[in-house]
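S.K.: Protein chains in written order, with the working numbering: chain A, 2 to 465; chain B, 2 to 465.
Quick caveat, the hints were computed from the structure, so don't treat them as lab data. Treat the hints with care, as some may be off.
Identical chains blur together in the list; that is why a pair holds if it fits in one copy or across any two.
Stated by the list, open to error - Straight-line Cα separation of at most 30 angstroms, DSS-like style, residue types lysine-lysine; simulated pairs:
hint : residue 1 : residue 2
1    : Lys186    : Lys157
2    : Lys186    : Lys407
3    : Lys104    : Lys407
4    : Lys431    : Lys104
5    : Lys69     : Lys294
6    : Lys69     : Lys157
7    : Lys157    : Lys464
8    : Lys55     : Lys186
9    : Lys199    : Lys464
10   : Lys199    : Lys294
11   : Lys199    : Lys69
There are 2 protein chains.
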Amino acid sequence: MAKPSLPQGTRDFGPDTVRKRNYIFNTIRNVFELYSFQPLETPAMENIETLMGKYGEEGNQLIFKILKRGEHEKTGEADLALRYDLTVPLARVVAEYKNELPKFFKRYQIQPVWRADRPARGRFREFYQCDVDVLGSRSMVVESELCSAMSAALEKLGFDDFTIRVNHRQALTGMLDRANVPTDKHGDALVALDKLGKIGRDGVMQEFLSRGIAAESATELLSFFEGIASLEHVFRNVPDEVIEQAGSRSLNSTVLGRLLEFVGDHETGARGVDELRQILEFAVAGNIDARIKIDPMLARGLSYYTGTIMEIDVEGIGSLGGGGRYDNLVGMFSSQSVPACGFSLGLERIIVVMTERNMFPSDLASAPAEVMVTIWDDDSIRDSIALASELRRAGLRVDLYPEADKIGKQFKYASLRGIPFVVVMGADEKTRGEVALKDLRSGEQRSIARDDVALAVGEALAKD
Amino acid sequence: MAKPSLPQGTRDFGPDTVRKRNYIFNTIRNVFELYSFQPLETPAMENIETLMGKYGEEGNQLIFKILKRGEHEKTGEADLALRYDLTVPLARVVAEYKNELPKFFKRYQIQPVWRADRPARGRFREFYQCDVDVLGSRSMVVESELCSAMSAALEKLGFDDFTIRVNHRQALTGMLDRANVPTDKHGDALVALDKLGKIGRDGVMQEFLSRGIAAESATELLSFFEGIASLEHVFRNVPDEVIEQAGSRSLNSTVLGRLLEFVGDHETGARGVDELRQILEFAVAGNIDARIKIDPMLARGLSYYTGTIMEIDVEGIGSLGGGGRYDNLVGMFSSQSVPACGFSLGLERIIVVMTERNMFPSDLASAPAEVMVTIWDDDSIRDSIALASELRRAGLRVDLYPEADKIGKQFKYASLRGIPFVVVMGADEKTRGEVALKDLRSGEQRSIARDDVALAVGEALAKD
Chain A
2 MAKPSLPQGT RDFGPDTVRK RNYIFNTIRN VFELYSFQPL ETPAMENIET
52 LMGKYGEEGN QLIFKILKRG EHEKTGEADL ALRYDLTVPL ARVVAEYKNE
102 LPKFFKRYQI QPVWRADRPA RGRFREFYQC DVDVLGSRSM VVESELCSAM
152 SAALEKLGFD DFTIRVNHRQ ALTGMLDRAN VPTDKHGDAL VALDKLGKIG
202 RDGVMQEFLS RGIAAESATE LLSFFEGIAS LEHVFRNVPD EVIEQAGSRS
252 LNSTVLGRLL EFVGDHETGA RGVDELRQIL EFAVAGNIDA RIKIDPMLAR
302 GLSYYTGTIM EIDVEGIGSL GGGGRYDNLV GMFSSQSVPA CGFSLGLERI
352 IVVMTERNMF PSDLASAPAE VMVTIWDDDS IRDSIALASE LRRAGLRVDL
402 YPEADKIGKQ FKYASLRGIP FVVVMGADEK TRGEVALKDL RSGEQRSIAR
452 DDVALAVGEA LAKD
Chain B
2 MAKPSLPQGT RDFGPDTVRK RNYIFNTIRN VFELYSFQPL ETPAMENIET
52 LMGKYGEEGN QLIFKILKRG EHEKTGEADL ALRYDLTVPL ARVVAEYKNE
102 LPKFFKRYQI QPVWRADRPA RGRFREFYQC DVDVLGSRSM VVESELCSAM
152 SAALEKLGFD DFTIRVNHRQ ALTGMLDRAN VPTDKHGDAL VALDKLGKIG
202 RDGVMQEFLS RGIAAESATE LLSFFEGIAS LEHVFRNVPD EVIEQAGSRS
252 LNSTVLGRLL EFVGDHETGA RGVDELRQIL EFAVAGNIDA RIKIDPMLAR
302 GLSYYTGTIM EIDVEGIGSL GGGGRYDNLV GMFSSQSVPA CGFSLGLERI
352 IVVMTERNMF PSDLASAPAE VMVTIWDDDS IRDSIALASE LRRAGLRVDL
402 YPEADKIGKQ FKYASLRGIP FVVVMGADEK TRGEVALKDL RSGEQRSIAR
452 DDVALAVGEA LAKD
């Protein structure tokens with residue numbers, strides 16, 4: 002018989018990971034509820050036509066498709082597919098229940114998604130996403146609330162070195178138009194510019210040319226971005242007091258000014274820059290401006306973004322998630338378009354980083370029990386059951402060895418599993434109305450009155 | 002454009018259900034951890050050969066199968082399938098990680114499963130199961146621990162009228178052999194007997210005959226079960242004191258006595274009855290015997306049970322779940338057989354019953370926010386953001402209306418959503434350093450100092 006195995010790219014999760022995940026979920030959930038976001042959960046499967054065509058041609062290939070059932074199974078056709086992200090199901094929900102939902106629909110959703118990506122280190126075919134979105138308003142208050150909620154959630158998890166980079170699709174359009182990049186080359190230009198950090202100025206110039214964009218356009222854009230980068234360099238190296246004394250504006254305001262200058266009277270571009278200005282203004286009001294970085298170079302891949310684009314970066318780690326405004330997505334399912342904006346957090350990355358940085362509360366990694374009750378012999382099974390039951394009623398986490406067995410074997414079992422205390426009810430102890438309590442870490446063993454065990458274990462644990 | 006819709010038999014879950022479910026999960030989880038059960042989560046998908054053939058021919062049909070990807074998609078073949086229950090994935094995990102797991106592996110698992118059943122009222126294609134199992138021991142202490150943990154979990158949820166019915170496959174075998182039912186008709190006989198309550202003695206006799214079982218066998222079994230039923234009737238109607246004064250044994254002991262008498266020297270049967278006797282003895286020691294009902298008629302469908310079978314019944318509701326011992330299942334994946342026993346709870350039923358009986362804590366059904374901050378006009382957006390942010394820092398759940406709008410419309414929006422308080426920061430109030438706080442339920446409105454809002458809302462909420 003072939004040894005059964007996990008499907009490629011998936012994982013089983015034991016106690017440690019489940020507890021970490023639940024800790025993160027609960028923390029995030031509590032913060033989102035302070036912001037009046039409400040939980041939503043959708044089925045793992047959607048009708049296949051709901052998902053197809055929403056993620057581009059490559060996305061279509063990565064969707065797990067479910068065979069029709071019964072007599073139709075033979076056709077080899079699929080009618081259902083597994084959730085690929087949490088955004089399209091949200092759009093489906095909004096289109097389906099439009100009339101029952103509040104005018105402004107604020108929901109969070111924490112569920113796994115499935116993608117048939119080629120498995121690789123840190124890339125899985127089943128992984129949790131945590132999305133938070135607001136539907137129904139075009140106001141930048143939405144962006145402000147989202148950034149604020151996301152900041153609060155990350156801070157509550159213990160992150161103190163993250164930045165929310167913010168840019169705007171329309172500002173990008175303005176910049177590219179201003180640099181005379183033809184509209185049908187905007188995508189190419191963004192892909193090339195996105196590599197500036199990695200391949201440098203010359204590399205990007207190469208990319209531009211090879212993608213059929215004029216050298217003049219490339220030069221203009223590169224100079225602008227280099228200007229921004231040197232601004233950042235200056236602000237990073239000049240102490241805050243000096244900047245304040247000099248009466249300078251913040252880096253963000255300064256970048257915004259440059260951006261506005263660059264797009265000039267390009268109408269769409271100027272509108273984008275103005276929305277960025279509002280976001281910054283609202284961030285100051287909400288006291289989260291230190292978290293925000295206006296970044297004219299940020300260009301997120303997904304084609305459905307229509308306005309703001311955002312990404313959460315942690316110093317030395319990279320992106321934990323991102324999002325943006327997608328005012329047209331719901332319109333794909335409904336004649337009525339609904340403005341929308343949201344963030345998506347990658348849970349897997351967060352778990353890895355928090356584990357590396359030791360950010361989980363220490364009691365999460367606790368032993369499977371605080372005390373184990375042993376079984377001396379077949380005749381004393383009932384005594385052991387009664388004691389275990391009492392200790393649990395006292396709130397202790399108790400394991401009960403399931404069989405009469407050599408006591409040394411039982412100690413070893415408890416010790417292997419990291420259970421700190423064991424209780425022994427031997428015949429002698431029983432006659433005296435006592436039990437033996439052993440601390441497996443120190444080896445210390447003492448007799449205590451049968452009725453005091455819960456108390457004694459409780460006290461010993463409190464000392465730890 | 003066709004309106005998108007949910008796949009047949011699946012559901013979207015809004016805030017109410019998600020909160021109820023999380024409440025149940027947390028409650029159950031905390032109880033299981035007192036018993037040293039550890040959480041496990043497995044992927045939604047398994048390799049198709051892991052699932053096929055484990056649930057009978059009908060089960061094979063009900064498994065959702067996932068198409069191969071990429072160039073293999075065209076073949077119409079499936080290589081993966083969605084989790085159908087939590088038991089087979091557990092068996093796969095145990096076979097896969099045998100050497101890394103503790104000798105006694107106690108795990109709980111709370112995850113959705115998928116079955117392509119014909120959708121019907123109360124029957125879904127995606128639903129949560131909650132399983133708790135112990136692997137590695139043949140001792141009846143395992144059954145005792147499982148019944149105790151299950152009782153404690155249900156009691157913690159507020160159930161006080163449930164019974165765990167317990168029977169034994171080998172006792173059933175003994176009974177049927179004793180009544181001269183041929184071995185190949187045991188299944189038929191159990192199906193027929195299972196209907197006694199519904200179709201009565203004559204109906205069951207008919208079923209026996211039509212299934213080719215002799216009338217004499219039927220008569221013998223029916224007389225035995227009727228004897229048990231009349232015993233139950235007597236015990237139910239005679240006050241406990243009278244039974245105690247008469248020195249009678251409990252109903253369970255009396256039933257066990259009858260059962261032992263019936264199976265006589267049938268070796269397998271007697272072994273089964275003896276295990277039932279141990280379970281009862283351990284239940285007395287663990288003080289849960291009032292929850293246990295030895296029920297010789299219980300015959301659960303699943304063919305993989307090898308010993309104890311159990312079912313949890315709630316007065317007037319029916320089954321909330323069940324389980325039993327399945328010592329051979331892991332052996333299907335591994336040369337080594339591993340004894341195992343467990344319970345599976347149906348979450349959907351529990352939510353329905355708890356909702357009908359009003360068993361959820363009242364604060365679960367709370368409004369989406371405790372207070373809503375309105376936006377007076379475009380110039381005051383920043384003031385509103387700053388206030389909302391302060392109130393949240395004070396721990397209040399706060400909604401912020403996302404746009405400047407007619408104040409009446411904003412009140413109506415809050416009121417529709419059941420938010421009790423709104424805060425208004427008009428120009429006049431601002432000049433005076435005040436805000437208006439309105440209780441939307443009483444209509445009462447008062448001015449309070451800007452800095453006292455959190456306090457005032459907190460106090461008003463505490464009064465509710």
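S.K.: Can you give me the call for lysine 157 and lysine 464, within, between, both or neither, at a CA distance of at most 30 angstroms?
M.R.: Classified as both: same-chain Cα gap 28 angstroms, cross-chain 29 angstroms, threshold 30 angstroms.
S.K.: Is it within a copy, between copies, both, or neither that the alpha carbon of lysine 69 lies no farther than 30 angstroms from that of lysine 294?
M.R.: neither (48 angstroms within a copy, 43 angstroms between copies)
S.K.: Pop the pair lysine 199 and lysine 294 into one bin, within, between, both or neither, using alpha-carbon distances up to 30 angstroms.
M.R.: Within one copy only: 20 angstroms inside, 70 angstroms across.
S.K.: Can you give me the call for lysine 186 and lysine 407, within, between, both or neither, at a CA distance of at most 30 angstroms?
M.R.: For lysine 186 and lysine 407, neither the intra-copy (76 angstroms) nor the inter-copy (44 angstroms) Cα distance is at most 30 angstroms.
S.K.: For lysine 199 and lysine 464, with the copy left unspecified, which applies at a CA distance of at most 30 angstroms: within, between, both, or neither?
M.R.: neither (53 angstroms within a copy, 59 angstroms between copies)
S.K.: Pop the pair lysine 55 and lysine 186 into one bin, within, between, both or neither, using alpha-carbon distances up to 30 angstroms.
M.R.: within (22 angstroms within a copy, 55 angstroms between copies)
S.K.: Since the copies are identical, ignore which copy is meant and state whether lysine 431 and lysine 104 lie within 30 angstroms (CA to CA) inside a copy, between copies, both or neither.
M.R.: Answer is between: at 28 angstroms across copies they meet the 30 angstroms cutoff, but 69 angstroms inside does not.
S.K.: Regarding lysine 186 and lysine 157, is the shortest C-alpha distance of 30 angstroms or less found within a copy, between copies, in both, or in neither?
M.R.: The answer is neither: 42 angstroms in one copy and 63 angstroms across copies each exceed 30 angstroms.
S.K.: Using 30 angstroms as the alpha carbon limit, work out where lysine 199 and lysine 69 are close: within a copy, between copies, both or neither.
M.R.: Neither: 46 angstroms inside a copy, 36 angstroms across copies.
S.K.: Have a look at lysine 69 and lysine 157 and pick one of within, between, both or neither, based on CA distance no larger than 30 angstroms.
M.R.: neither (45 angstroms within a copy, 42 angstroms between copies)
S.K.: My question is about lysine 104 and lysine 407: at a cut-off of 30 angstroms on alpha-carbon distance, are they close within one copy, between copies, both, or neither?
M.R.: between (67 angstroms within a copy, 15 angstroms between copies)
In summary, the numbered hints that this structure violates are 1, 2, 5, 6, 9 and 11.
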